[in-house]
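Participant: Take a look at the letters that make up each chain.
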Amino acid sequence: MNAFDGMITGFQVALSWEGILFVLIGVIVGTLIGMMPGLGPISAIAIMIPITYGMDPAPALVMMAGVYYGAVFGGSTSSILLNAPGISGTVATAFDGYPMAQQGKAGKALAIAAIASFFGGTVSVIMLMLLAPALSSVAISFGPPAYFALMLMGLTAISSLSEGSTIKAMIAAVAGVMVVTIGIDPQTGTQRFTFGNVNLFDGFDFLIIALGLFAIAEVCMLVLNRKNRSLSDDQKLGSLKVTRADLKEMSGPMTRQSFVGFILGVLPGAGATIASFISYIFEKRISKNPEEFGKGSIKGLAAPESSNNAATSGAFVPLLSLGIPGSGTTAVMLGAFLVLGVQPGPLLMTDRPEIFWGIIASMYLGNIFLLILNLPLIPYLAKILSIPRPLLISLVIMFSLIGVYSISFNVFDLYMLLVFGALGFAMRVFSFPAPPFILAFILGGMMEQAFRQSMTISNGNLAIFVDSPLPLSLILIAFFSLVIPGLLKWRSRRKLAKM
Amino acid sequence: MKKTIFTTILAASALVFAGCNSEEAANENTGESGAFEPSKNIEMVAPAGAGGGWDTTAREVARVFGETGIVEKNMTVINKEGGGGAIAWAYIHGQDDSPYNLFVSSPPLMFVPLNGQSEYGHEDFTPLANMIADYGAFAVSADSEWEDLNDLFDQMKEDPESVTVVGTSSPGSMDHMQFVRIAKAAGVDPKKIKYVSDQDGGALTSVLNGSVDVFSTGVGEVVEQVRAGNIKVLGVTAEERMEGEILSDFPTAIEQGIDESFINWRGFFGPPNMDQAAVDYYEEKFKELSESEEFAEVRKKYGWNEMYLNSEEYEEFLNNEYKEIEVLLEEIGLGN
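Read top to bottom, the protein sequences are chains C and B.
The numbering used here puts the first residue of the first sequence at 1, with every later residue one more than the last.
The numbering used here puts the first residue of the second sequence at 500, with every later residue one more than the last.
No wet-lab data here; the hints were simulated from the structure.
Ideal Cβ placement from N, Cα and C applies to all residues, glycine included.
There may be inaccurate statements among the hints.
In silico EDC-like pairs for lysine to aspartate or glutamate, Cα to Cα no more than 20 Å straight-line [stated by the list, open to error]:
#1 K800/B x D56/C
#2 K690/B x E566/B
#3 K693/B x E448/C
#4 K799/B x D351/C
#5 K800/B x E292/C
#6 K786/B x D650/B
#7 K683/B x E738/B
#8 K693/B x D653/B
#9 K786/B x E805/B
#10 K799/B x D56/C
#11 K693/B x D185/C
#12 K656/B x D688/B
#13 K683/B x E657/B
#14 K822/B x E622/B
#15 K786/B x E542/B
#16 K693/B x E738/B
#17 K489/C x D351/C
#18 K248/C x E292/C
Now the stretches of chain B that chain C is said to cover, found in silico as 3 or more residues with beta-carbon under 8 Å [as the list claims (entries may be wrong)]:
#19 574 to 587
#20 694 to 702
Here are the computed distance ranges between Cβ atoms for each label pair [to be verified]:
#21 A641/B x L470/C: 34 to 40 Å
#22 L488/C x A641/B: 57 to 63 Å
#23 F195/C x E739/B: 42 to 48 Å
#24 R494/C x A641/B: 46 to 52 Å
#25 E830/B x G196/C: 45 to 51 Å
Next comes chain B alone, as it looks inside the complex (with noise of 0.2 Å):
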């Protein structure tokens, strides 16, 4: 009898993990008056592991809807994990027109097709709204002479090979190009930049121990080491001061004369040839949820910028950004 416990254990739990991952994989199409209403549960895909920026996006996003009643049906939270993306492109990709499968992305959805990463980009997909903006930071150690961004960039173009930049995406991608593209505007040669990709955790602590010279990483990884007095920012990809503690301290690249910004820009997409009727509905309901007061707490807890645009402007807006990260990226002699 007893030796049959842990057995028992393990075939229940395994019944649970075999549980969280039940998929829907019925594709059905509603809307025959014209508006759409979801008559089942919404599956809402993070294309990376729990725990990362995508994951929390979708996550609260999931919960506000639920909590504030604002869509009625549940919205479920699925991780699909690997290739930066890559494999849950694919697999939305493959959901084609069905208004029950809504994933979350940001700049990478970009970076990656663009550098012959994914077979689908940000063209493949239904733009639904964008709801956050995030920016970049350059920051230093705290015992770095230089103290603004022009003292960096005034090294790197008369010295480019004693200036090395960490990040933690591979070249090519957002930690990288954020970079290249405000050093180019201050006249930086782009092919000269020495970037290293640390994937391991490592980054931070390799400014800290002076491996490196300048750690290219989004705002909100340096703001408590800012308050420590560890590091300091040398600038931010906003286009305006940003607002908050810390935060307000920031340099923009702009205020410093370097006329170029970055945004790292937080959405909802859909599979292709997502209905009109479906795209309308989404879209209302996402901003709604973007103005409500249970989403501006989100925003505060996590520091996200409100940044709502519709299908249409998601749409513009992505492909703008497109033809410039090509344009930088051909330069710098990466992507296809």
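Next up, chain C with everything else stripped away, as it sits in the complex (with noise of 0.2 Å):
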């Protein structure tokens, strides 16, 4: 069956009374706990999974895959309007979408997320139709060394993530690496730093340390600074209208970003988070005005936002043609497949077609959903900003406890997500910028794995690195994004110096 035929059989699915129906419930439901600041699609297909037993498999697939996306698309919007980062993979939203709300442009700044998602989603889901086949190759091309190439690459935009002092960035940055050391060793088995314990195990899931660093810094902040705040409704919300200069500005971001975002998400591992911060970093790093972005830039909101819903599209490339969860949300997505008796494989797209393709085909419907639901609502969303602030504090405060608390029903996570809120708050007091301890906390335990695995596999020989193809250009892409800034700026001074 070639893509075309493929896809008649999949839109007939979709495109069924059933298929609409359960693509609604599944972005609706989505979008609203992606909203919620903590609640990501995990916790949304976990609690999905029950309802669906006894339901034909094809119409409950496509809905849990609307509550993923659906998560993911509606994540930007405490991330924008609260700094509280609605999923694991909406925190470089907030990088530029917070200072635009705080600029009195929420209402605008949810518009470019929501156009800029409807824009990621649809682009990878055309590249899903006709290259997921073809792309279950690249899902598996990356072993342990490209991994580590790739990390490597990531890891050396530290310096571009951060505004001021580089000194104070790095140590952010390995802040952040050693505290993702903490927990279960798993190459040794070994525990490393836990002090026995068992809470530490695991070491910090992701959320608490992105809530903790940014929501309760930033509820800290606000407590502290509430004098200079005192915006009236109509400044607040904005006008929601993006202009066509706007469209222009976004355009580029987008586009690339989409191809960007939708790669990353095909490699098991990597996913939406990787996927946002790299592209906020991409566009940063080839904008002619770098220093807008962090200010509230148009590119900033959606190179993120079109690469995050890129990746999750991206994400169901190695679930549906490999079988292979790359996430832990699509580990939980495989289990409620299985749940209703489909083992998705390399052989899911014969075997069952109508369920390959019908995922696929209702992620352009579920896009077209989110766009028209999303942006109706967002004037409604957008006055939430004048919700007194005591109680948007409190409200904020209440969803990042209930969030790290859905997480593994754990006390002690809340106990560590205040701690990284005075951490964060330290942080912002010292001005030590957060995103590089994010990004170093991200990446950094990825790529000691990866360089351990590496290490293992060869024996001790670090030539691993540079014999084979994909991680020798990956590091060379990474050596050179280090050198080349350095470089440029030297001659320029020395250009200025001659003057």
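Join the two chains into one complex using the hints; note that each chain is given alone, in its own frame.
Facilitator: Below you can see the structure in the form of structure tokens.
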């Protein structure tokens, strides 16, 4: 069956009344859960699993998929409005989305996020449709050395994630790497920095750190600076209108980062979080005005938003075509497939074409629904900002606590949220940037594991990283991205000196 | 008015989430007249997150118990994730002698404490019944030159550095030790086995792209890949040939002259000091469940094998397994 016949089969499923209904239910549930700080697709899918018992697998899985990308779609809302990431994939969204909201452009920021999400989602579904079978080979092309090189490439971007002191950015990044080593080391089974406390054996969930460093720290700042914040309601919402110039500005990042996000989503282990960071950094690096990033740049908002949604579709490639869950969320999705008696894998496309293509086709529909649902909601969502501040602050704290508790129903995690909140607050006060900490935390763990896996495989020979073209080229990119900006700076300084 | 809609939705969902996790802390003992009959809902803990093997087993068992009416009271499954099970085990251990707190477990209940990652192990709990057996599989890329386990082990004896094994659990846990156990029986030096752990979903891809050589995992994980012709299975750890399409093609290690096997058992336990009357009750109920047609359907759906053991048989089986694993771990320099 070629992609065209497949899509016809798929649309028959997606456009049946059952298909439409369950896509709609899925995306509504997904967006709502995604909007809540901390509650992400994993909780959403886990809750839906018992509901699908006994359902016909095709509509049930179409719904589950809707919950997943719906949550990523909705996840930007609280990042933008409250600096409290809705899901881990929208941490980077807050970098420019929150400043925009602070400048009284909340409505516009939400609209840009929705458009970028829709664009990323749709472009990636087209790629998924045309390339899913072919891309399964991309998904397996990355071995441990290539993963190491990829993470290294990501880490070189730390300096570009921060304003001001590079030293402080580096200190924050080192702290992030240190925190990620806490827990049982997968390569030896040894406990590292756990003090024998069973609650630390798995290390920290990313959300605890993201919500602590962003949401809780932000709340502390709000309490501290309450005097200088008295915008009128109108200013808070701002105009919803995305002008033609805005669209033009975001078209470049959206297009580029939809591809980048999709490819990173295809790689098991990378996923929406890493994709959104890399896309953000990518755009900042190539931008003519990198200094605008972090201060409410439209590009800085559109890039991670199109990327994380594209990565979500990308994650379906290894899941559907190889049966490999590339992330925690897709692992739960895999569980949902199995409960419904469907085994994702290389044969899904031929054995159950209605499911394989049905899910893909439903994603077109789902993305359209999401856009239609989200755009009219924006004025109401943006009004959250006019909730009296004490109430708003309490709500953010409450939802951060609920979100963290729902990760593994462990009270210990709540204390850790407060610890990271305090750390985040201290970092703000002493102007250490939080993004390098977060980035190092995400990439550092995988980088270390990939490095050590490579070393075991090669019996300690470092040549494994330059022996094959894929890791070698990634390492070269990492190297040049570190060196070139320095060289450019040096050259321009020399020019200045000559003048 | 409208601005409160979102807040209301948030608050409502918050309540739902809070409700999902209400725990029954109360501990009361019925069974005055000798026979135990539950008088309230039974809590079943899956010591891991949603979607995994423990979770699926617990949910299916609770569902079939309810649908068949074998157990009249409701069984609520809750997930207690963390520390590879250690968090859930510590929690259950705190429910001393409660007949209303069950949990599902499998070999990690031995591996995790033996690796010093849990204070509590199987001997700290009351075994109720084993339900399922699963087996390990050793798979290689379809174009590998090895045709059976002996080819692989011969190369490992000759040049142990040239072969890397990958699994999803950490060293000293299941994927590693099932391989060590079979390889050692074939004469491979267990200390020289190179094992890498990949917990981010990359284990299978690393075998497919040739970064590593052997994938040590459960049979259920490889069937689809074998069907698609991506990998081949050199051997499985079952004692006899398994039944079922594809599964029956997998040669056992024993068939290949390696006299060793490994069972990935899965069963149910209660807290320490559970009353004998309650143990008798559950043992009987699990037996009924295991023999029911409805549960046979479940086993078929997930490719699980039947392996019912009552409380006493289970305990003996576990103690024997424990001794073997302990010796093996010591030999490769892991464990306590």
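Participant: So, for every hint listed, does it hold in this structure?
Facilitator: Now for the hints, and whether the structure bears them out:
{"no.": "1", "hint": "K800/B x D56/C", "in the structure": "15 Å, holds"}
{"no.": "2", "hint": "K690/B x E566/B", "in the structure": "49 Å, violated"}
{"no.": "3", "hint": "K693/B x E448/C", "in the structure": "18 Å, holds"}
{"no.": "4", "hint": "K799/B x D351/C", "in the structure": "18 Å, holds"}
{"no.": "5", "hint": "K800/B x E292/C", "in the structure": "56 Å, violated"}
{"no.": "6", "hint": "K786/B x D650/B", "in the structure": "42 Å, violated"}
{"no.": "7", "hint": "K683/B x E738/B", "in the structure": "17 Å, holds"}
{"no.": "8", "hint": "K693/B x D653/B", "in the structure": "15 Å, holds"}
{"no.": "9", "hint": "K786/B x E805/B", "in the structure": "11 Å, holds"}
{"no.": "10", "hint": "K799/B x D56/C", "in the structure": "19 Å, holds"}
{"no.": "11", "hint": "K693/B x D185/C", "in the structure": "16 Å, holds"}
{"no.": "12", "hint": "K656/B x D688/B", "in the structure": "7 Å, holds"}
{"no.": "13", "hint": "K683/B x E657/B", "in the structure": "14 Å, holds"}
{"no.": "14", "hint": "K822/B x E622/B", "in the structure": "12 Å, holds"}
{"no.": "15", "hint": "K786/B x E542/B", "in the structure": "19 Å, holds"}
{"no.": "16", "hint": "K693/B x E738/B", "in the structure": "25 Å, violated"}
{"no.": "17", "hint": "K489/C x D351/C", "in the structure": "57 Å, violated"}
{"no.": "18", "hint": "K248/C x E292/C", "in the structure": "17 Å, holds"}
{"no.": "19", "hint": "574 to 587", "in the structure": "holds (count 9)"}
{"no.": "20", "hint": "694 to 702", "in the structure": "holds (count 8)"}
{"no.": "21", "hint": "A641/B x L470/C: 34 to 40 Å", "in the structure": "22 Å, violated"}
{"no.": "22", "hint": "L488/C x A641/B: 57 to 63 Å", "in the structure": "49 Å, violated"}
{"no.": "23", "hint": "F195/C x E739/B: 42 to 48 Å", "in the structure": "47 Å, holds"}
{"no.": "24", "hint": "R494/C x A641/B: 46 to 52 Å", "in the structure": "58 Å, violated"}
{"no.": "25", "hint": "E830/B x G196/C: 45 to 51 Å", "in the structure": "26 Å, violated"}
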